[in-house]
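Asks: In the working numbering, each number is its position in the sequence shown, counted from 1, plus 9.
No wet-lab data here; the hints were simulated from the structure. Each hint should be verified, as a subset may be incorrect.
[To be verified] Distance windows between CB atoms, simulated:
{"hint": "1", "residue 1": "GLY300", "residue 2": "VAL32", "range": "44 to 52 Å"}
{"hint": "2", "residue 1": "PRO45", "residue 2": "GLU287", "range": "38 to 46 Å"}
{"hint": "3", "residue 1": "ARG70", "residue 2": "ALA38", "range": "20 to 28 Å"}
{"hint": "4", "residue 1": "PRO240", "residue 2": "GLY87", "range": "46 to 54 Å"}
{"hint": "5", "residue 1": "LEU72", "residue 2": "GLY219", "range": "17 to 25 Å"}
{"hint": "6", "residue 1": "ALA34", "residue 2": "ARG257", "range": "35 to 43 Å"}
{"hint": "7", "residue 1": "HIS35", "residue 2": "ALA271", "range": "48 to 56 Å"}
The C-beta atom is built at its ideal place from N, Cα and C for all residues, glycine as well.
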Amino acid sequence: MTASRMAPKTAELRSRTALRPDVLAHWYAAAARDLPWRGGGVSAWAVLVSEVMLQQTPVARVLPVWSTWMARWPDPMGLADDTPADAVRAWGKLGYPRRALRLHAAAHRIVTQFDGSVPASVADLESLPGIGAYTARAVAAFAFGARTPVVDTNVARVFARALLGRAHSGPSVTAADRASVEALLPAGPAEAARFSVAVMELGALVCTAGSPSCARCPVRMDCAWHRAGAPAHAGPRRKPQRFEGTDRQVRGRLLDVLRGTAAPVSADDLGRAWTDSEQRSRALVSLLRDGLVEQITDGRFGLAGEGAAPEGSG
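Kindly produce the complete structure, drawing on both the sequences and the hints.
Replies: Below you can see the structure in the form of structure tokens.
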């Protein structure tokens, strides 16, 4: 780790006042979005599903899919009883569809190893398929009230600006980042969870990556970056990811065909989704490799779990 990336010592962090829990809690109470997975009485499963869906996906796109998903599968057992193909279909065009497979696998693990209840500890949550360091801590904090550092890109950016005076955080969240945020958590578990979600909301609504609204920020007077004149990022710019014409787009087109039918389809049916045969073949191979698509004995293709369809169907 370079000197510029190194986190300040705990005592130094605690001496800084930019991210005061009381100020953030007051702002959050007035400004937070009314999201269904934040409501009282929401299950840990509902929180886990929301966190998986929100990975690299805007809230506006997640809301309708989450609502439909929870109406169909209000608990892990319901999802585990259905096929991976059902999960992929319900995922729709949310993007990064391997998350649907992993969520289905996580539901199976919850049913078989945790008696159908989402586990509460970070270690047990991290043992579930597709659940990494951030998601495990988010579920532990927001569903179970655990005192644990919840650090996504929004939190890391707020931390970098408010306390370190940098325009952006590093390219990925590290263990050192989590340790630095943990040093700022209030002692009480409930207060710590509220602090975490408040900082996250601040990064999503106000301290955004491209157009921060410093005039609306509740911590601007003590923010190191704002007080320094909001200096520009000194490192390389992050290039936006292109989608049009990429293999990701082709994968999506092929999945659209398979989601739109209840039976496996032929290679010719898939061929109509994308004219470039070489790119289409490459995308199909990647879908097979990822387990999203299966090929049955007669050569047709179906979503995961549909490979046992009768050969005369379709």
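Asks: Confirm or reject each hint.
Replies: The hints, checked one at a time:
1. Checking the proposed 44 to 52 Å range against GLY300 and VAL32 shows it holds: the Cβ atoms sit about 47 Å from each other.
2. Against the hinted window of 38 to 46 Å, the Cβ-Cβ separation of PRO45 and GLU287 comes to about 44 Å, which satisfies the hint.
3. Checked against the given bound of 20 to 28 Å, the beta carbons of ARG70 and ALA38, roughly 26 Å apart, stay inside it.
4. In this structure, PRO240 and GLY87 meet the distance hint of 46 to 54 Å, their C-beta atoms being roughly 51 Å apart.
5. At roughly 22 Å, the beta carbons of LEU72 and GLY219 sit within the given window of 17 to 25 Å.
6. Between ALA34 and ARG257 the beta carbon distance is about 40 Å. The supplied range of 35 to 43 Å therefore holds.
7. Between HIS35 and ALA271 the CB atoms are about 52 Å apart, so this pair conforms to the stated range of 48 to 56 Å.
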